[in-house]
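J.: What follows is each chain in one-letter form.
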Amino acid sequence: EPEVTQTPSHQVTQMGQEVILRCVPISNHLYFYWYRQILGQKVEFLVSFYNNEISEKSEIFDDQFSVERPDGSNFTLKIRSTKLEDSAMYFCASSEMDSGGVFTDTQYFGPGTRLTVL
Amino acid sequence: AQSVAQPEDQVNVAEGNPLTVKCTYSVSGNPYLFWYVQYPNRGLQFLLKYITGDNLVKGSYGFEAEFNKSQTSFHLKKPSALVSDSALYFCAVRAHSGNTPLVFGKGTRLSVIA
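Chains as they are written, first to last, in this note's numbering: chain R, 1 to 118; chain Z, 1 to 114.
Please note that a few of the clues may not be correct.
Pairs of lysine to aspartate or glutamate residues, derived as EDC-like cross-links and limited to a Cα-Cα distance of at most 16 Å, are as follows [said to hold, decoys possible]:
1. Z/K49 / R/E18
2. Z/K22 / Z/E66
3. Z/K106 / R/E44
4. R/K42 / Z/D9
5. Z/K49 / Z/E66
6. R/K83 / R/D62
7. Z/K77 / Z/E15
8. R/K78 / R/E18
9. R/K42 / R/E85
10. Z/K69 / Z/D54
11. R/K57 / R/E68
12. R/K42 / Z/E8
It should be emphasised that the hints constitute simulated quantities derived from the structure, not laboratory data.
Could you put the whole structure together from the sequences, leaning on the hints where they help?
T.: Okay, structure coming up:
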């Protein structure tokens with residue numbers, strides 16, 4: 001069964017450094033998302049992406065964050081200058097359209113990248 | 001704004017007994033409701049969803065959920081729990097179809113004891 005994959009599984013970085021989290025969505029999916037979960041808190045939406053542009057973003061997704069689909073398979077989240085409060089589990093998700101061009105509603109998630117900012 | 005409440009941080013159940021994981025929601029308009037499960041070191045796995053139609057929705061691994069509009073609830077159930085069902089369960093909602101974000105509950109840890 002196709003799965004969303006994410007690398008690395010765990011990233012440790014120093015405050016102020018840039019990090020790039022990588023995701024490979026399911027191959028025929030067209031919509032991509034990033035969510036994050038701070039330890040002990042809810043899973044929160046960051047950004048959605050379709051047709052090479054951001055569809056929607058939350059208030060968390062400020063100028064320090066950016067997303068990119070650099071090629072036909074990868075979807076990346078960049079944090080330009082990490083802060084302590086960016087420490088969290090980051091989840092990538094993707095969803096598809098069916099053959100009739102209808103959005104199918106279900107988002108499929110990757111295993112997450114645990115980001116630790118020291 | 002949408003919101004989801006999972007009132008229990010932890011649910012313990014004996015193997016073979018029925019289990020219920022509770023979820024209530026708040027949303028404008030018709031809700032689109034989802035349950036996801038997270039096993040250790042794994043991502044969020046889709047279990048089931050309610051979009052429209054029958055209030056009782058059946059999903060993966062023998063789980064089902066009942067949509068109750070009057071109580072704004074979408075409780076997850078299974079008739080007979082397995083030790084392998086032990087995991088973290090998340091309820092999520094969106095207000096309508098399309099490329100819109102999910103709003104999650106904080107999760108409920110289910111522990112099934114042999």
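J.: Now tell me, hint by hint, if it's right for this structure.
T.: Now for the hints, and whether the structure bears them out:
1. Z/K49 / R/E18: Judged against 16 Å, a Cα distance of about 37 Å means the pair is violated.
2. Z/K22 / Z/E66: 10 Å, holds
3. Z/K106 / R/E44: It holds: about 10 Å lies between the C-alpha atoms, which stays within 16 Å.
4. R/K42 / Z/D9: 12 Å, holds
5. Z/K49 / Z/E66: 10 Å, holds
6. R/K83 / R/D62: Between R/K83 and R/D62 the Cα gap is close to 13 Å, so the pair holds against 16 Å.
7. Z/K77 / Z/E15: The hint holds at about 14 Å.
8. R/K78 / R/E18: 7 Å, holds
9. R/K42 / R/E85: The hint holds at about 15 Å.
10. Z/K69 / Z/D54: 12 Å, holds
11. R/K57 / R/E68: 14 Å, holds
12. R/K42 / Z/E8: 14 Å, holds
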